[in-house]
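Residue numbers (numbering that gives the first Met the number 0), protein chains in the order written: chain H, 0 to 288; chain Y, 0 to 367; chain L, 0 to 266.
To be clear, the hints were calculated from the coordinates, so they are not data collected in a lab. Heads up, the beta-carbon is just placed ideally off N, CA and C, and yes, glycines get one too. Some hints here could point you the wrong way.
[What the hints assert, rightly or not] Computed footprint of chain Y on chain H; a stretch qualifies when at least three of its residues, placed anywhere within it, have a C-beta under 8 Å from a C-beta of chain Y:
id : stretch
1  : 99 to 105
2  : 225 to 236
3  : 262 to 274
[Unchecked claim] Beyond 12 Å from chain H on every Cβ pair, some chain L residues (computed):
id : residue
4  : Asp4
5  : Thr15
6  : Asn41
7  : Arg80
8  : Ser93
9  : Asn100
10 : Tyr113
11 : Leu115
12 : His117
13 : Ala131
14 : Ala143
15 : Leu149
16 : Glu181
17 : Asp218
18 : Ser224
19 : Leu229
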Amino acid sequence: MSTLVLLTATGLGLAALYFLVASGLSLIFGLMDVLNFAHGAFVSVGGYAAWTIADHVAGTFGLGVALLVAVVSGAALAALTELVIIRPLYSRPLDQVLATVGLGLAIPALLQAVWGADPRIWTLPSWLGGTVSVFGAHVPTVRFVLIAAALVLLTGLRLLLTRTRAGLIVRAGVEDREMVSALGIDVRRAFTGVFALGGAAAGLAGMLDGLYQGSISPGDGTSLLIFAFVVVVLGRTGSLTGAAVASAAVGLTQQFANYLSPNLGDESVVILLAAVLLLRRRDLKGRPA
Amino acid sequence: MTRTDTVRSKSVRTLLRSRGAAVLLVLALLYAIPYSTLRVPAVFDGPLDSPGVLQLLAVCLVFAGLALSYDLLFGHTGLLSFGHGLFVTGGMYVTTILVDHAGYSLLISAAAGLGVGLAAAVLLGAVALRVDGIGFAMVTLAFGQAVSLLVVSGSPALTGGEQGQTLNAASVPAVLSGIRNTANLYWLALGYLALCAVVVWWLTASVPGRVMRAVKENEQRVAVLGLNPYLFKLLAFVVAGLLATGGGVVYLLLLGGATPTVAGSDFTLGLLVMVVLGGAGRRWGVVAGGVLYAYADQSLTRLSGSTSVAALPGLLRGPLQQPLFLLGASFVAVVFFLPGGLATLPDRLRTSTMRIRGRRTRRESAHG
Amino acid sequence: MSRPDPILHVSGLTVTLGGSAILHGVSFDVAATGVTALLGRNGVGKTTTVRSVLGLNPAGGEIRFAGRDISALPTHRRARRGIGYVPEDRVVFSGLTVEENLRLAEPARGVPRYELVHDLFPVLRERARQRAGTLSGGEQQMLALGRALLGPARLLLVDEPTKGLSPKYTAMVAAALGRMAEQVPILLVEQNLAVVRRTARDAVVLDMGRVVHTGDARDLLADPSLTNRLLGVSAPSAQAAETAGINTAATEAPAIDTAAMPASGGA
Chain H
0 MSTLVLLTAT
10 GLGLAALYFL
20 VASGLSLIFG
30 LMDVLNFAHG
40 AFVSVGGYAA
50 WTIADHVAGT
60 FGLGVALLVA
70 VVSGAALAAL
80 TELVIIRPLY
90 SRPLDQVLAT
100 VGLGLAIPAL
110 LQAVWGADPR
120 IWTLPSWLGG
130 TVSVFGAHVP
140 TVRFVLIAAA
150 LVLLTGLRLL
160 LTRTRAGLIV
170 RAGVEDREMV
180 SALGIDVRRA
190 FTGVFALGGA
200 AAGLAGMLDG
210 LYQGSISPGD
220 GTSLLIFAFV
230 VVVLGRTGSL
240 TGAAVASAAV
250 GLTQQFANYL
260 SPNLGDESVV
270 ILLAAVLLLR
280 RRDLKGRPA
Chain Y
0 MTRTDTVRSK
10 SVRTLLRSRG
20 AAVLLVLALL
30 YAIPYSTLRV
40 PAVFDGPLDS
50 PGVLQLLAVC
60 LVFAGLALSY
70 DLLFGHTGLL
80 SFGHGLFVTG
90 GMYVTTILVD
100 HAGYSLLISA
110 AAGLGVGLAA
120 AVLLGAVALR
130 VDGIGFAMVT
140 LAFGQAVSLL
150 VVSGSPALTG
160 GEQGQTLNAA
170 SVPAVLSGIR
180 NTANLYWLAL
190 GYLALCAVVV
200 WWLTASVPGR
210 VMRAVKENEQ
220 RVAVLGLNPY
230 LFKLLAFVVA
240 GLLATGGGVV
250 YLLLLGGATP
260 TVAGSDFTLG
270 LLVMVVLGGA
280 GRRWGVVAGG
290 VLYAYADQSL
300 TRLSGSTSVA
310 ALPGLLRGPL
320 QQPLFLLGAS
330 FVAVVFFLPG
340 GLATLPDRLR
350 TSTMRIRGRR
360 TRRESAHG
Chain L
0 MSRPDPILHV
10 SGLTVTLGGS
20 AILHGVSFDV
30 AATGVTALLG
40 RNGVGKTTTV
50 RSVLGLNPAG
60 GEIRFAGRDI
70 SALPTHRRAR
80 RGIGYVPEDR
90 VVFSGLTVEE
100 NLRLAEPARG
110 VPRYELVHDL
120 FPVLRERARQ
130 RAGTLSGGEQ
140 QMLALGRALL
150 GPARLLLVDE
160 PTKGLSPKYT
170 AMVAAALGRM
180 AEQVPILLVE
190 QNLAVVRRTA
200 RDAVVLDMGR
210 VVHTGDARDL
220 LADPSLTNRL
230 LGVSAPSAQA
240 AETAGINTAA
250 TEAPAIDTAA
260 MPASGGA
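Next up, chain H with everything else stripped away, as it sits in the complex (with noise of 0.2 Å):
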């Protein structure tokens, strides 16, 4: 029993991480089209400028301030990237994705160049490090910050999407963003925002998989990535719930398989990839293939 929960809780809390990073990957694909491989490196600067705060600044203060500053790096280097890089190759998607895949490289090695190719290590306060009781398992507590953050971001976006103007806008964008530009609003301005906000995420994510692995490394975003991929394949693209649904669907088969044989997990995840592609009648974006 203690197991099964145990196992559930670090399921959810991968889950938690996949989100996460799969969240913002969905809006940007399904409002822009695009596919960001740079995303991975949204992570990881996050992570390790929220390390480096937390190296200097010590305790939860200085988790409180790492927090604000790995959403920040990740939002800026979002919208610079989306202004600078992505943004002149409108017309060209297949250059778009080419300079994405460039920088999703680049920033890794340029991370590594700064801090070291060896992992880094992550002090967490006694309160961070410790484990809750659940059902008579040890569930390291943060499993459940994961989780927790996870939520109030699906919480967040919801809000954000069903009650705001902008949120409107990117709703409508997901279906069909020439409408919305022949309805005289400037999409632009939704792509610029849509990516900063899965930069933010993004940043949350690298710093929160540093605490869930107690390091960070340079290629922990990219590592990442992929399974944010395989979440935002399986869900449809540009939907919360489908994101958060294959992300639980993901992280629970992913350690449950696990468990039954190690590394299975990971071979577990291409598996069911390819059982929902084989059995699935709608295309990518939820419309009929």
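Put chains Y and L on the given structure of chain H with help from the hints.
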């Protein structure tokens, strides 16, 4: 320039431009390299017929062939795959495992490797092509990752894990083993490149090949014509995968063992850079891209260790010593500064020389 | 006695898409009042023309709207100038409610004309909270039309609004178009000639990416040989239009003699 001069130069130019002649010329030159004692300082560390240089060139040729196989997929049919490296991995590892652990001969193991590659291409392609371009990219990425995991951490006993696995030297035929026979390995690599070139050229010129190009331009139109784009995409995927598997086997022979570097996503991205750098869909450009990239990749240790880079301030030196930074930056650079790749250079040079010449003639006629 | 300046002046419009030339220098004017019908067989480039006016396709040539050259402006700026768009196939945002669809169309400046829209299409007020994807085809068309009217539109581009609609809704749309034309000029692409006859004053006919005829719409439809040659279909008589209920207001139509109506829709 008199009229006869123009006519004569035109016919010479047409002859030179004739594709068949150019190909034969290049092949002949490449074939002759191991017989040449030419030295090219700065570029190569020794005469052309030295084992070190031949090895380097052989790797360049294999990569050019791999680049061609990838171009068939991406440049010609418009399928952006991030998992192409898994076929090279398959070719390398299946052969090595069968030779080292099951004791089969090299020939049989290589054939089995090709068979596995073919089966994988059909199965994986069938699944991955169920989603459109972007989803396909992501799915192939996932597949590539899965294979990479299998090789690196899946069963280290079989695959040698992070260290890779050397090929049992006894299994390699005498004509291909030993430093003295590097030239033979070079010619093997050249043969592989020639094979890839023949297959790709023939396929792209054939009817299915033209459908693939149409699929890249406008998939809907192909469907409307009553053809099933899925099948043609699958054909491209399978042929490309099979060629890449073959490349894996040749690369294995060149290196003398299997290495997990080909399984990583960086390797496939390297293939993508070769194609983009050379010019997607432009075969000569792709071959050039493959050779250049392989050369740069192989020489990187020399570059980062060189005195000129070490002399740079720390801020610049750090990133330049990261191969992935150079790879990523070259992507961005090509996209922004050389869209269409090297293959567009001749056209760009022509337009700029014409512009200069035009300006000159106008100036002359104005003064005349 | 000259007519006022045209609200839209298109000159030498050339469009190449996917490697093939669609429009080869299309030139025409849209009058500042009433409905101008853009006619032609399937595939001649009517939709492409309309899209190019809004800048949804890259196009060569000159486009002057209300006297100003808009050829270099991006789509949203052209729309802001007062060009409303009702695309083919009733594009509404299915995931949004009717209310949200309309809210999206509210102009940045000025008061949105909800009264006018709800007056023309009362169903939109009734179904305000309903998701647009669950509306019937006719109701979606009402939404698409009403949405274009919300802002201070000075020209409406309407592309095949009656395509695939039942006779009842076709009649309602035709009547609505007539009333809308009292407020704002319309460039109407239509295959249903009964609707054209009822609503249009001028006609521009395209063939193979070129303008082959301009003139009075009713004169064109009254000439069966001309209609047949240009459009490949016989014009409806006034009788048939009457029977089809086109002349009635937006209420239940009498028993429809569908045999008398020319084929409506069919892309």
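Hint by hint, here is what the structure shows:
1. Closer than 8 Å: that is the beta-carbon criterion, and the stretch 99 to 105 of chain H has 6 residues meeting it against chain Y, so the requirement of 3 holds.
2. Under the rule that three or more residues need a Cβ within less than 8 Å of chain Y, the assignment of the stretch 225 to 236 of chain H holds, with 5 such residues.
3. For the stretch 262 to 274 of chain H, the stated coverage by chain Y is satisfied: 7 residues place a CB nearer than 8 Å to a CB of that chain, which reaches the threshold of 3.
4. For L/Asp4, the requirement that its beta carbon stay farther than 12 Å from each beta carbon of chain H is met, with the minimum near 23 Å.
5. Separation of L/Thr15 from chain H is adequate, the least Cβ-Cβ distance of about 15 Å exceeding the 12 Å criterion.
6. Distance to chain H confirms L/Asn41 as a non-interface residue, since its nearest Cβ pair spans about 22 Å, more than 12 Å.
7. L/Arg80, annotated as away from the interface, has a beta carbon of chain H within 12 Å; the closest lies near 9 Å.
8. Not every CB of chain H is more than 12 Å from the CB of L/Ser93 (nearest about 7 Å), against its label as outside the interface.
9. The Cβ of L/Asn100 sits about 8 Å from the closest Cβ of chain H, inside the 12 Å cut-off, so the non-interface label is violated.
10. Residue placement check: L/Tyr113 keeps its beta carbon more than 12 Å from all beta carbons of chain H (closest about 16 Å).
11. Every CB of chain H is more than 12 Å from the CB of L/Leu115 (nearest about 17 Å), matching its label as outside the interface.
12. No beta-carbon of chain H comes within 12 Å of the beta-carbon of L/His117; the shortest separation is about 19 Å.
13. Distance check for L/Ala131 against chain H: the nearest CB is about 10 Å away, which does not clear 12 Å, and the non-interface claim fails.
14. The Cβ of L/Ala143 does not lie farther than 12 Å from every Cβ of chain H; its closest approach is about 9 Å, which violates its non-interface assignment.
15. With a cut of 12 Å on Cβ distances, L/Leu149 falls inside the contact zone with chain H, its closest approach being about 9 Å.
16. The claim that L/Glu181 is not at the interface with chain H holds, since no C-beta of that chain comes within 12 Å of its own (minimum 23 Å).
17. Every CB of chain H is more than 12 Å from the CB of L/Asp218 (nearest about 33 Å), matching its label as outside the interface.
18. With a closest Cβ-Cβ approach of about 38 Å to chain H, L/Ser224 is found to remain outside the 12 Å limit, as its non-interface label requires.
19. The beta carbon of L/Leu229 is kept farther than 12 Å from every beta carbon of chain H, the shortest such distance being approximately 29 Å.
This entry does not satisfy hints 7, 8, 9, 13, 14, 15, going by the numbered hints stated previously.
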